[in-house]
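Construct all of the structure, not just a fragment, from the sequences and the given hints.
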Amino acid sequence: MAGKDIERGKEADGFEHEFESGLAVISQDKISDPGLEPHRVRMTDKSPKHARNAERQVAFLFVLSVVGSFFALWAYVAFPITEDLSTVRANNLWLGLGMTLSLLGIGIGAVHWAKTLMPDFEVSEPRHQTRGSEDVRAAAVEIVKLADQESGFSRRKLIRRTMYGALALFPLPALVVFGDLGPVVGDTLRHTMWKKGTRLTADPTGIPIKASDVTIGSAFHVIPEGLAEMHEHKLEEKAKAAVLLVRLNQDDLKEDEDKKSWSYEGIVAYSKICTHVGCPVALYEDITHNLLCPCHQSTFDVSEHCKVVFGPAARPLPQLPITVDAEGYLIAQSDFLEPVGPSFWER
Amino acid sequence: MSLRRKINGSRRSPLAAIFVIAAGLLFSGGGFAVATNVVESNVATSYTADQIAEGKKLFLSNCASCHGLQGEGLDSNPKLIGVGALAVDFQVGSGRMPGQASGPQLAKKPVQFTDEQIELMAAYVESLGPGGAAIPEAKYLEATGDVTHGGELFRINCAMCHNAVGAGGALTEGKYAPALTGVSAKHVYGAMATGPQNMPKFDDTYLTPTDKQDIISYLAYIDANQSAGGYALASLGPVAEGLFIWIFGLGGIIAITVWLAAKSN
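First to last, the sequence lines map onto chains A and B.
Here the working numbering is used: the first residue of the first sequence is 1, the next is one more, and so on.
Here the working numbering is used: the first residue of the second sequence is 348, the next is one more, and so on.
Please note that the accuracy of each hint is not assured.
[What the hints assert, rightly or not] Listed next, the in silico SDA-like pairs over lysine to any residue satisfying Cα-Cα at most 25 Å (straight line):
| hint | chain 1 | residue 1 | chain 2 | residue 2 |
| --- | --- | --- | --- | --- |
| 1 | B | Lys610 | A | Ala114 |
| 2 | A | Lys254 | B | Thr519 |
| 3 | A | Lys196 | A | Glu327 |
| 4 | B | Lys610 | A | Gly311 |
| 5 | A | Lys254 | A | His305 |
| 6 | B | Lys610 | A | Met43 |
| 7 | A | Lys254 | B | Ala571 |
| 8 | B | Lys610 | A | Leu64 |
| 9 | A | Lys307 | A | Gly266 |
| 10 | A | Lys115 | A | Ala54 |
| 11 | A | Lys307 | B | Val494 |
| 12 | B | Lys522 | B | Gln544 |
| 13 | B | Lys486 | B | Thr519 |
| 14 | A | Lys234 | A | Lys307 |
| 15 | B | Lys455 | A | Pro294 |
| 16 | B | Lys610 | A | Glu122 |
| 17 | B | Lys533 | B | Val494 |
The hints are simulated quantities; they were obtained by calculation from the structure and are not laboratory data.
Put into structure tokens, the structure is as follows:
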């Protein structure tokens, strides 16, 4: 930018502007008050015939509203909601259309009335001053002074200071009580129902699963033993403990050395809770061994410890180490060795 | 009958009569099963050598170029040994096989064979090896099961891919879970039991034949009953619904606002 191109000038608005010639759009004046638009005379003002038409239109809209109200009443009786859930559809549809007509008729009619027939001359109304007049301000100061004098607020120091103390301390009990509202999170985010020896059972029946019953290429949706019979906190526990079990050809599994014992003859179990934001990941593709999360398309590779192959998830799905008990039922070797679900502050 | 009574009465021993009656019943019963194509029980043992031989001819001329002369699988094409009769019934009966072109997924298309030919091919593939799922008994295909239980099982096992009302949905890299509306009970059962293409299979120990029947009943129920909540917009969920309300709902509100602020002529 060449210095000589810069010009300086004092503009009409009193501010100094710096601009490069050829680029700046220079406003010569402040934006001036355009004033009111010229009044445009409406057809309904000019011709009595148009006014009469408009009147009829408004009346028609109001009559339409009346029709809508009666129609809604009729529809409510004519399409009753019975035991059959599908009757809700007709009832809601026709009742709703009637009420729509009834309300829109009034609304559109009123607006049409105001726009076509009520006076439409433009009016400007200046705002009120925010500042009070000198008299009012002086009177207010007088009142405060008088109140101070009569109550002795400035004079009686003891009362004033104890009052400040009382006001400062009264929210304290409430703050302490609010702090204890709700359950303490504790380590609930780090542990699930799975323990050493917990049997893997089918969702929702809770029937234990035999390893020999799981064929290659099959998928089982699994809950821990005992969850199906729970009454309290069942969903909270299920939301953490839900597991997807699949059996792969053992040749297809690419396992880390230290995690080889976590699977059983090609049967692997993974947490169903996505490590991104906790959706249930259960869209399993049997040939590609991809496990897809429906919410944000995070894709995990079941054949390789559920490592992330696509999408926003940052960590693989936690694997549940499994084995079989003496009767051949699948059991957990332990809880998940890391917290399930999305990342949180301390992990 | 009169012929049998005569035979029974005069020239043959009673044992021979029983044999003849038994043979007659077997033949007529078997013929009935073939003619009506209703299979009453596990058909794995009921295919005749003739059926298997006929099936082999069809297999060699229609399937072997991809799946190998003995169904052993070629290149990336799956081997068919041990897949069972039901897999053939599903794949060929839904038109997915014979495949037309390779791609992310083989789609449904008009069926290429008659029911009879499909049964013959199923007989041959069934004879290749044990382990596959058999054609289910007809009673498990009737939509008379527990719809509530079927709905729960569907939401746990199927809905994540096939949508809560079976409208289908997208999977990775061009694959998709097809819509289940209008799919025959036998094919729904076949898909669950055999796990075609990328679908995992659901073993009978996990989803029993009765459970599968409940799921079939649930699908039949939602097929027959329209959505109670109004127009379903193809049941595709929040994306379709959001698009609709953003365009038409918000558009309507903007139109009303413009009209409210416009001056009357």
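To see whether the hints hold, each was checked on the structure:
Our distance criterion of 25 Å between C-alpha atoms is met by lysine 610 of chain B and alanine 114 of chain A, whose separation comes to about 10 Å. Taking the CA atoms of lysine 254 of chain A and threonine 519 of chain B, the gap is near 21 Å; set against the 25 Å cutoff, the hint holds. Under the criterion of a C-alpha separation no larger than 25 Å, the hint pairing lysine 196 of chain A with glutamate 327 of chain A is consistent with the structure, at around 16 Å. For a cut-off of 25 Å, the pair hint linking lysine 610 of chain B to glycine 311 of chain A is broken: about 52 Å separates their Cα positions.
The hinted pair formed by lysine 254 of chain A and histidine 305 of chain A meets the criterion: a straight-line CA distance of about 8 Å does not exceed 25 Å. Pair hint lysine 610 of chain B plus methionine 43 of chain A holds up; C-alpha atoms about 12 Å apart against a cutoff of 25 Å. Of the supplied pair hints, the one linking lysine 254 of chain A and alanine 571 of chain B is violated, its CA atoms being roughly 46 Å apart against a limit of 25 Å. Using a Cα cut-off of 25 Å, the hinted pair lysine 610 of chain B and leucine 64 of chain A holds, with the two alpha carbons roughly 24 Å apart.
The suggested pairing of lysine 307 of chain A with glycine 266 of chain A holds, with an alpha-carbon distance near 17 Å, which does not exceed 25 Å. About 10 Å separates the Cα atoms of lysine 115 of chain A and alanine 54 of chain A, which keeps this hinted pair within 25 Å; it holds. Between lysine 307 of chain A and valine 494 of chain B, the direct Cα distance comes to roughly 37 Å. Violation of the 25 Å bound is thereby established for this hinted pair. The suggested pairing of lysine 522 of chain B with glutamine 544 of chain B holds, with an alpha-carbon distance near 10 Å, which does not exceed 25 Å.
About 36 Å separates the Cα atoms of lysine 486 of chain B and threonine 519 of chain B, which puts this hinted pair outside 25 Å; it is violated. Between lysine 234 of chain A and lysine 307 of chain A, the direct Cα distance comes to roughly 29 Å. Violation of the 25 Å bound is thereby established for this hinted pair. Simply put, lysine 455 of chain B and proline 294 of chain A have alpha-carbon atoms about 24 Å apart, close enough for the 25 Å limit, and the pair holds. About 12 Å separates the Cα atoms of lysine 610 of chain B and glutamate 122 of chain A, which keeps this hinted pair within 25 Å; it holds.
Taken as a hint, the lysine 533 of chain B and valine 494 of chain B pair is honoured in the structure, with Cα atoms around 17 Å apart against an allowance of 25 Å.
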